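Participant: Chains A, W, X, R and H: place on chain Z using the hints.
Residue numbers (this note's numbering), protein chains in the order written: chain Z, 1 to 135; chain A, 1 to 135; chain W, 1 to 135; chain X, 1 to 135; chain R, 1 to 135; chain H, 1 to 135.
Keep in mind the hints are simulated off the structure, nothing from the lab.
None of the values given here were measured: they were computed from a predicted structure.
A hint or two may mislead.
Pairs count within a copy or across copies, as identical chains cannot be separated in the list.
[Claimed, not checked] EDC-like mimics (lysine to aspartate or glutamate), calculated; alpha carbons at most 20 Å apart, straight line: (1) Lys28 - Asp126; (2) Lys28 - Glu55; (3) Lys28 - Asp63; (4) Lys93 - Asp126; (5) Lys28 - Glu127; (6) Lys93 - Glu55; (7) Lys93 - Glu127; (8) Lys54 - Asp30; (9) Lys54 - Asp22; (10) Lys28 - Glu8; (11) Lys93 - Asp22; (12) Lys93 - Asp30.
This is what each chain is made of:
Protein chains: 6
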Amino acid sequence: MATLGLIEYEAASPEVRAVYDDIMTVRKTDAVNNFWKALAHDPVTLRRTWHSIKEIMAPGALDPLTKEMLYVAVSVTNQCGYCIASHTAAARKAGMTDAMFAELMAVVGMANETNRLASGYQVEIDEQFLPGKKR
Amino acid sequence: MATLGLIEYEAASPEVRAVYDDIMTVRKTDAVNNFWKALAHDPVTLRRTWHSIKEIMAPGALDPLTKEMLYVAVSVTNQCGYCIASHTAAARKAGMTDAMFAELMAVVGMANETNRLASGYQVEIDEQFLPGKKR
Amino acid sequence: MATLGLIEYEAASPEVRAVYDDIMTVRKTDAVNNFWKALAHDPVTLRRTWHSIKEIMAPGALDPLTKEMLYVAVSVTNQCGYCIASHTAAARKAGMTDAMFAELMAVVGMANETNRLASGYQVEIDEQFLPGKKR
Amino acid sequence: MATLGLIEYEAASPEVRAVYDDIMTVRKTDAVNNFWKALAHDPVTLRRTWHSIKEIMAPGALDPLTKEMLYVAVSVTNQCGYCIASHTAAARKAGMTDAMFAELMAVVGMANETNRLASGYQVEIDEQFLPGKKR
Amino acid sequence: MATLGLIEYEAASPEVRAVYDDIMTVRKTDAVNNFWKALAHDPVTLRRTWHSIKEIMAPGALDPLTKEMLYVAVSVTNQCGYCIASHTAAARKAGMTDAMFAELMAVVGMANETNRLASGYQVEIDEQFLPGKKR
Amino acid sequence: MATLGLIEYEAASPEVRAVYDDIMTVRKTDAVNNFWKALAHDPVTLRRTWHSIKEIMAPGALDPLTKEMLYVAVSVTNQCGYCIASHTAAARKAGMTDAMFAELMAVVGMANETNRLASGYQVEIDEQFLPGKKR
Chain Z
1 MATLGLIEYE AASPEVRAVY DDIMTVRKTD AVNNFWKALA HDPVTLRRTW
51 HSIKEIMAPG ALDPLTKEML YVAVSVTNQC GYCIASHTAA ARKAGMTDAM
101 FAELMAVVGM ANETNRLASG YQVEIDEQFL PGKKR
Chain A
1 MATLGLIEYE AASPEVRAVY DDIMTVRKTD AVNNFWKALA HDPVTLRRTW
51 HSIKEIMAPG ALDPLTKEML YVAVSVTNQC GYCIASHTAA ARKAGMTDAM
101 FAELMAVVGM ANETNRLASG YQVEIDEQFL PGKKR
Chain W
1 MATLGLIEYE AASPEVRAVY DDIMTVRKTD AVNNFWKALA HDPVTLRRTW
51 HSIKEIMAPG ALDPLTKEML YVAVSVTNQC GYCIASHTAA ARKAGMTDAM
101 FAELMAVVGM ANETNRLASG YQVEIDEQFL PGKKR
Chain X
1 MATLGLIEYE AASPEVRAVY DDIMTVRKTD AVNNFWKALA HDPVTLRRTW
51 HSIKEIMAPG ALDPLTKEML YVAVSVTNQC GYCIASHTAA ARKAGMTDAM
101 FAELMAVVGM ANETNRLASG YQVEIDEQFL PGKKR
Chain R
1 MATLGLIEYE AASPEVRAVY DDIMTVRKTD AVNNFWKALA HDPVTLRRTW
51 HSIKEIMAPG ALDPLTKEML YVAVSVTNQC GYCIASHTAA ARKAGMTDAM
101 FAELMAVVGM ANETNRLASG YQVEIDEQFL PGKKR
Chain H
1 MATLGLIEYE AASPEVRAVY DDIMTVRKTD AVNNFWKALA HDPVTLRRTW
51 HSIKEIMAPG ALDPLTKEML YVAVSVTNQC GYCIASHTAA ARKAGMTDAM
101 FAELMAVVGM ANETNRLASG YQVEIDEQFL PGKKR
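This is chain Z alone, in the form it adopts within the complex (with noise of 0.2 Å):
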């Protein structure tokens, strides 16, 4: 179970409610997940990242699925269990197809070699490659 368990609908203030009601409008869905049952026990910190991550993953420059699957990429690469399952879940309820799951995945492998093959060999940035110089 969760540190400070999982407050179910029922048994959730006015408060909690509103931001659980909210969740299922925006999402489609008649069913709230674990991670914001979890985070119910601090209702400040329950809406404020209900809040941010409504603004964050909405459409925009980029399209949801791209964030969704950015999402994937960063907790992969943090080996966050409970995020991997339910941002992939996630992304293929936003159209992530297997072909798209396979790339991603390689791409996040190759990035995360890369990164310790740049950082190993110490390589210093290229001129080209510094933010003042191309602005």
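Facilitator: This is chains A, W, X, R and H only, laid out in the frame that chain Z set:
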């Protein structure tokens, strides 16, 4: 300077030059960046790494721009200075606008935050997210 | 089971028992947790690690509760399941309330987010933050 | 220079200036540090991040100094140079002495060590540390 | 179950079987472990990853046991449960004794500690350690 | 400059000088590197860290060169600039050739890649790799 120094084209063996030539052809550029010049001290790793990246980053189920942004997401999560600089430059070259960069950063930041909230609250994975449950 | 298994008190050598006894005395408990029983296969590391922790976690300029919360912050950032569970329990025993836990998580989450925003935007360190400038 | 450069107060839009003004008021300072000037290219993220930090870092169940030290602990674990420099400075301003800094570092170092010993020895979580067992 | 499930030998395509056969031949075993069965959903990544590992882990300037221990060191640092279990088993098969495992863990733990002490104290690199200085 | 500055031999207390002397004796060198001079502001941590490293890095079941290469593997994975520079230098001093360094980097890069493939594909641990199964 890099651990073993950088090998410039003029000083490179034919084996290394062949990789440099392929990099410049595939990337439509007349320069090879420091990462490859540092790796060139190990021609086997140079060749394998380049061939892997060429295969992985080619257009497929995901487009090159999405792949470069995934690369940036991983590099930022890992705090690899060289990789952040070089792949941010590569993503821009592939079409990333300032607005896309800003949203990319927002997603990466948020994912790193909720990765820790999920683990810190010791949230157990929802039944619905377990891979075996949905196939 | 742990890689090398766990060594229970009854099966422990006098050298290992001496460390177990000291752990139980210092922590005012009649049980030794699995971490130490797993380390006991290497009595040298067992002894050194226990003596280091005993020295580091003792009251000093920082109180024991603050130290346990710092331990949780690191463990959550590193995604170490065992350490999150054991040090969250230790922090509670040292007096961490649910409200303190919630704020601890909020800070850890936020720090992980802004760590990536700072690196991703490649922000240079302000003059005023350079150590040499203020001493 | 930062990826998108820094936006100084004089060149900032009214929306960005409002955030800068609030930062200076809350922090009782007449300067805004580079992190915010870099984020200002994305006024939405600037505003959200500042409001989140203001809410999270305010005095509550934990005092501001403890929160700043937790921030340093995470930043050091993640190896974020900018964040280590800026939050070490903030923690000092909030009252962290050299002795407190030294103990903070000792705990962070030790936690990073034992996180790996626990995972490397594949230690299973003790019954008593399972969250569900104690509530 | 793995995200896309596992592909057993009987259900595998000739392309995938060829990789499985090579794995069993090179490793002198009659079983393929789950990692490869999960990757088999992406035959291109399966083949590339196996060929890279085969090339990298072959005896060279470093012997296979040293290479397996390096693999464990990285996996423990990254907190990858699957990798810790599988590469610890592989290292044992390559000759790692309990005493070697214990020293490996001690070094990995210590390195993770001093990595943070060095960064947390913001120690500047000694002249003598700069790569350019010694070549 | 380091957070608290560096303490040179001439300015050091007898307690700190004793550690410096032991470092120079054990390492057969007439200089103490910056890491220790930065830690010297906390003589307790200086002493404990040095004694731990001296014990851990001494020849045992693993030789000093293997231990230094493990140190580099961890430091590269963690992206610790100071540690990569100093332990690469130490490994060279202990006998690491360019060819060994190249293979070390290749293994570290590959391990970081497959760590993410294993986690990203959510591969469950094979029965045969479970520690309890084989002892």
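Participant: Now tell me, hint by hint, if it's right for this structure.
Facilitator: Tested hints:
1. For a Cα distance limit of 20 Å, the shortest separation of Lys28 from Asp126 across copies, 18 Å, qualifies, whereas the shortest one inside one copy, 47 Å, does not.
2. When the C-alpha separation of Lys28 and Glu55 is checked against a cutoff of 20 Å, the pair qualifies only within one copy, where the shortest distance is 16 Å, while the shortest distance between copies is 29 Å.
3. In this assembly of identical chains, Lys28 and Asp63 lie within 20 Å of each other by CA distance solely inside one copy; the values are 17 Å within and 28 Å between copies.
4. When the C-alpha separation of Lys93 and Asp126 is checked against a cutoff of 20 Å, the pair qualifies only between copies, where the shortest distance is 15 Å, while the shortest distance within a copy is 40 Å.
5. Taking the shortest alpha-carbon separations for Lys28 and Glu127, only the inter-copy value of 19 Å comes in at or below 20 Å, while the best intra-copy value is 48 Å.
6. For the homomeric pair Lys93 and Glu55, the shortest alpha-carbon distance inside one copy (19 Å) is at most 20 Å, but the shortest distance between copies (27 Å) is not.
7. Taking the shortest alpha-carbon separations for Lys93 and Glu127, only the inter-copy value of 16 Å comes in at or below 20 Å, while the best intra-copy value is 42 Å.
8. Proximity of Lys54 and Asp30 under a CA criterion of 20 Å is satisfied intra-copy only: 17 Å inside one chain copy versus 33 Å between copies.
9. Taking the shortest alpha-carbon separations for Lys54 and Asp22, only the intra-copy value of 10 Å comes in at or below 20 Å, while the best inter-copy value is 24 Å.
10. For the homomeric pair Lys28 and Glu8, the shortest alpha-carbon distance inside one copy (18 Å) is at most 20 Å, but the shortest distance between copies (37 Å) is not.
11. Taking the closest pair of Cα atoms, Lys93 and Asp22 come within 20 Å of each other only inside a single copy of the chain (19 Å); across copies the shortest separation is 36 Å, beyond that limit.
12. Within a single copy, Lys93 and Asp30 get their C-alpha atoms as close as 15 Å, which meets the 20 Å cut-off; across copies the closest is 38 Å, which misses it.
The structure fails none of the hints (numbered hints given earlier).
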